[in-house]
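Student: Using the hints provided, position chains C, X and L relative to the given structure of chain P.
Chains as they are written, first to last, in our numbering: chain P, 1 to 368; chain C, 369 to 736; chain X, 737 to 1104; chain L, 1105 to 1472.
In short, the hints are calculated from the structure, not lab data.
From the three backbone atoms N, C-alpha and C, an ideal C-beta is built for every residue, glycine too.
Hints should not be assumed to be uniformly reliable.
What the hints assert, rightly or not - Ranges between beta-carbon positions, derived for each pair:
| # | chain 1 | residue 1 | chain 2 | residue 2 | range |
| --- | --- | --- | --- | --- | --- |
| 1 | L | His1412 | C | Gly582 | 27 to 37 Å |
| 2 | C | Lys411 | P | Gln201 | 47 to 57 Å |
| 3 | P | Thr270 | L | Gly1178 | 23 to 33 Å |
4 protein chains.
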Amino acid sequence: MAGSIFGKHFCISTWGESHGKGIGVVVDGCPAGLPLCGEDIQKYLNRRKPGQSRFTTSRAEADQVEILSGVFEGKTTGTPISLLVRNTAQRSQDYREIASYYRPGHADYTFDAKYGFRDYRGGGRSSGRETIGRTAAGAVAAKLLKELGIRLCTYTRAIGPVEIEGARFLEKEIWENDFYMPDAQAAEQAAAYLKSCMEQQDSSGGVIECVVRGLPAGLGDPCFDKLDARLAQAVMSIGAVKGFEIGDGFEAARAKGSENNDAFVCDGRTVSKETNHAGGILGGISDGSALVFRAAVKPTPSIARAQHTVNQKGENLEIRIHGRHDPVIVPRAVVVVEAMAALVLADALLEGMGARMEYLQRIWGEPR
Amino acid sequence: MAGSIFGKHFCISTWGESHGKGIGVVVDGCPAGLPLCGEDIQKYLNRRKPGQSRFTTSRAEADQVEILSGVFEGKTTGTPISLLVRNTAQRSQDYREIASYYRPGHADYTFDAKYGFRDYRGGGRSSGRETIGRTAAGAVAAKLLKELGIRLCTYTRAIGPVEIEGARFLEKEIWENDFYMPDAQAAEQAAAYLKSCMEQQDSSGGVIECVVRGLPAGLGDPCFDKLDARLAQAVMSIGAVKGFEIGDGFEAARAKGSENNDAFVCDGRTVSKETNHAGGILGGISDGSALVFRAAVKPTPSIARAQHTVNQKGENLEIRIHGRHDPVIVPRAVVVVEAMAALVLADALLEGMGARMEYLQRIWGEPR
Amino acid sequence: MAGSIFGKHFCISTWGESHGKGIGVVVDGCPAGLPLCGEDIQKYLNRRKPGQSRFTTSRAEADQVEILSGVFEGKTTGTPISLLVRNTAQRSQDYREIASYYRPGHADYTFDAKYGFRDYRGGGRSSGRETIGRTAAGAVAAKLLKELGIRLCTYTRAIGPVEIEGARFLEKEIWENDFYMPDAQAAEQAAAYLKSCMEQQDSSGGVIECVVRGLPAGLGDPCFDKLDARLAQAVMSIGAVKGFEIGDGFEAARAKGSENNDAFVCDGRTVSKETNHAGGILGGISDGSALVFRAAVKPTPSIARAQHTVNQKGENLEIRIHGRHDPVIVPRAVVVVEAMAALVLADALLEGMGARMEYLQRIWGEPR
Amino acid sequence: MAGSIFGKHFCISTWGESHGKGIGVVVDGCPAGLPLCGEDIQKYLNRRKPGQSRFTTSRAEADQVEILSGVFEGKTTGTPISLLVRNTAQRSQDYREIASYYRPGHADYTFDAKYGFRDYRGGGRSSGRETIGRTAAGAVAAKLLKELGIRLCTYTRAIGPVEIEGARFLEKEIWENDFYMPDAQAAEQAAAYLKSCMEQQDSSGGVIECVVRGLPAGLGDPCFDKLDARLAQAVMSIGAVKGFEIGDGFEAARAKGSENNDAFVCDGRTVSKETNHAGGILGGISDGSALVFRAAVKPTPSIARAQHTVNQKGENLEIRIHGRHDPVIVPRAVVVVEAMAALVLADALLEGMGARMEYLQRIWGEPR
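Chain P on its own, in the form it takes in the complex:
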């Protein structure tokens, strides 16, 4: 139970359905004294808002966040931060049809199997709108990281078969195209590919990559809470994500030790690594180099093409899912991946505060 709660120290509790009254999150465990305003959160939410290009759904969703608690005079107070986004754009359309059958690739069938019934309106809790809560909370975590000099850079690495090319990587290009791709040429190819998918009433998947710089060495735990393990749960818990890799990932499985090991080197002052096949984590703990991971996103399951399925009575039928659906989820999911990474890292920073007696001495050590 309690599967909508995430984090051990920087702990969030999300709630809300697609067509309920709203979506929100409570952040518990954020340190006091972090400068925070609505705009810090809104700019994250805006990155996942639909209707920004012809490749995202044309549904208009305002997604205005309201900070209900935990901030006083522009700073966090250390008490729970409650964030609320009211649902506004729910069409009063008839969902009775969806109510009766199971959409392939969706959670309709499994919700019924678990709970005995479901809120069938627009996917209910398993809708993409659920990510609003995590994204809002992730924005708070990202603000905390920023104060400590930790920077996240997240982008689309591939749309279907179209992948960015290392040689053309340009960070600022991420903000210049519809796909958050750091490669203008790939973005053009992706547009063409998606156009053909849409013409075929089909959809596409893709890959998201995240790079974190400025992370101190020594974050994460050696056992179950390895930093990459926690990132894996965080990222795989985003609907539609089907795979996770740190550093070389599945490529490492084909490599030899001599190729995959990263040599340490010291310039006389700082220890660093000559390569970064590990993706910034050794034994579950950050090593001070850039943290690099990827998420595989499946194609949007809602397609207008004919599909076979069954209804609750067990009758076989053919359906076509109409409506305003994203032909690809990837661009809107980029910020969600970044938010989840920020949450894991904020948690790890708080966890690490208790790693050494020396740290406790620094905070509590004055004689009394």
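Tutor: Chains C, X and L in isolation, oriented as in the chain P frame:
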């Protein structure tokens, strides 16, 4: 903190270092009345024991488990089950050399970064011996699953570039070769490949696959504790695992919706899926078809080839790691992956007990 | 961190300050299929609402609850239930004075010590309004208990030196007087006592008692999560509670074993106890008899009498706290105690679902 | 489930039954660099060991602790600390009789109700020997507190009706008598009282008090994890404890606000309180004055007097419990109460590390 504790309901707490007095685990939350004996656990531990072929380390490790608590008259009592494996094979070799420098691909550097110092003997807590605790606990979870008709099948899918072929898949072959591969021909090729790696004083990675059958539909949570997300954390928390996929995984990112969606079908009685690209999970909840996931394992970092690294003083040096190291970790990690999957599934079964008021009525409902 | 989250299975996350935008709670882990409407929650909130008698503050607080998620077509869906109460009655009064000094008996000083600063408006997070979140969540838990035939009866046992008398106990009288006392005569005496306190610009403490009937035997855990231990945390976490007793409590410390032991007896069919000194719990687990516990509540710290204190500059000063304060907190805290008990019991019921393999067989056991 | 795990940051997992192979605990989350040796733990265990006077059981229990992991070169490494005490004194006596009936005041009946059967040998998991695990872990926590200048002083405040008197309080006297009473005269009276109890084949309860000095202000959480609430759970989770009070406790319920409030005062440099009715905690957070709490302990339920009970068949019978039982548990429970307090305080210290952004800056703030 508390990163050596895993699971919310079926909860384990592992401990132990490579060269300490032993390795162990406490299982808390196992239901009362499960038949359990030492042999149930020992046979799991034996599958990860070294020295079984020329492709695993020749170190002799007895790894005999002792049940210290929680079992009475052959059944679990509902109270914590403490399992202990004494370390016996620690050579009194001099680890002072390892103590001073950071082995590439190992956690030496990151332990120092986190804790300020480390138990350098044989890797300490980040040694492969840490997996004894999880494997022992996983054996208990697997016994619980078996009682409920849930069966796990785990095997080596690839060693370096050598992959099993679907057409040749034979489950009983898993137990016939040195690599737990369900394909005798691939196993032969793997042997040849590893032989060449060893001649080059090098090592290899690989891929492990797990298939779970008999799982009820409706297990897992729709949000952060999605069944695949929990599996991802569980499996990525095994040292050397660098990637995780459910169902088609990264392949799904390249697919179209019409290819990736699994059609539902009903034979008049039972709902099933025509294909299983999803790997048995929709929206984080099991759908009643086979659960299928994969883990990418990096090559053994301990190689005899010359490598560059630094010591604690920041001096650059060239090292060669001698000793009895596995040229490939994959075969011994197969059972560890299975154990982690069993732990996640046992946890999900317990969590699911509270999913419906109807279930509570069934257990607590008699009038009082 | 995360100290505003309570419960392991039936898990709540509360938020909100006295003078922020509102107060609320997210309930995660409530089983699907529980009939629930706003009125179920509102009637609990109304019991703690001020302005109901001359012995409670005359502040008008609407405290209307809104269910934001987790309920569909009159039943819980199994997903998080978000409950919101907007703050409406905050006077725009000047809190600058309170901001500068530390009120005796309040958390002003300790908030500054922990967080470095505080939301000083009306006590912020440590205000009595914080209990709205727990009470709302407790109402959901109480509904769940009611469905399973478990009934809570909570009342004022003492106001200052005025205590109810066993011989006069009348349950329906609880709803007939200003103090929720099950003894009309004691209620009259309490009124007279409080009147004299108010004339002296002083305040009173008291004792709350809760009796739970219909609880199955076998709830609770033998070790740290003993049912009485969890109740103790739950009840002691209510502001102003300074003591907790189960059964005979401190009286048991003065008794002998022969007096304190409860003999078991069987009427041929059912095992019961001849007495109930234990208060319904043996070894941390419910024994099927009535669960009985008490909470000691300190007098309202806000009094108009002159008091000595210091301000943030360390200057000694004399203050008088004016405003609309309850001369006694006890009557309004009765429902809060009941809510916390309901939360603990709902949690224990869910926990107990996994106590036996036999229960798992009953839910998951059909062959697949 | 998982009720044998306690603590969120300094997290312990205990295991073991009275007549199993041993008792133990795993401590996860202890910071690295704490000097720790077996003697630190043994001296705590020795304080709860029986056979030290004519008022404790004459059973000989060696209770030698072995540190199995987590300590290297005399210091904690930050990884789990596993502690083991082998059971040695189990008589091979026949427990079949106890197996069949339910001892009044014991957990026999409730274990059967929860789990369906029980390990009946000497109480199994609900035996007093269970406290060995907590005491051992508490010794580690107490060592951590000591390093930070925090001192615990725990003693017997009352045995049956015999209470210590404030005017005669002498701390060093605690170590001079059989009861850990800081008042020689009261100890003599207690001896006489217990002698009479024993002559009547009866037993006595009592009260334990704990005072903590040197605690920084600002520890604890304002909501559910109030420091006193966590202490209440910790202490009430000790078998036989039936009540908990902080500061004036139940006395506060009878007091007026003007009597119960503690005035703040400043000597020009330090803020302190003129009185300490609050017991060192305001709003759930430590205020820098001495923390004072009490636990009510019920009389030993095992008495040789005739008692009525039933057996598993539902037959009524009369029993007499023979064997070596403590006529009073209190003296041996003193160290257990201290251990639980130490665990809660260590947890709170770790939690408090993340209370302010300023603290994070101090640990992680250097530019990278």
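Student: Indicate, hint by hint, whether the structure satisfies it.
Tutor: Hint-by-hint comparison with the structure:
Hint check: L/His1412 to C/Gly582, Cβ distance near 50 Å, so the stated range 27 to 37 Å is violated. The supplied range of 47 to 57 Å is met by C/Lys411 and P/Gln201, whose beta-carbon atoms lie about 52 Å from each other. Hint check: P/Thr270 to L/Gly1178, Cβ distance near 31 Å, so the stated range 23 to 33 Å holds.
The structure fails to meet hint 1 from the earlier list, while all remaining hints are met.
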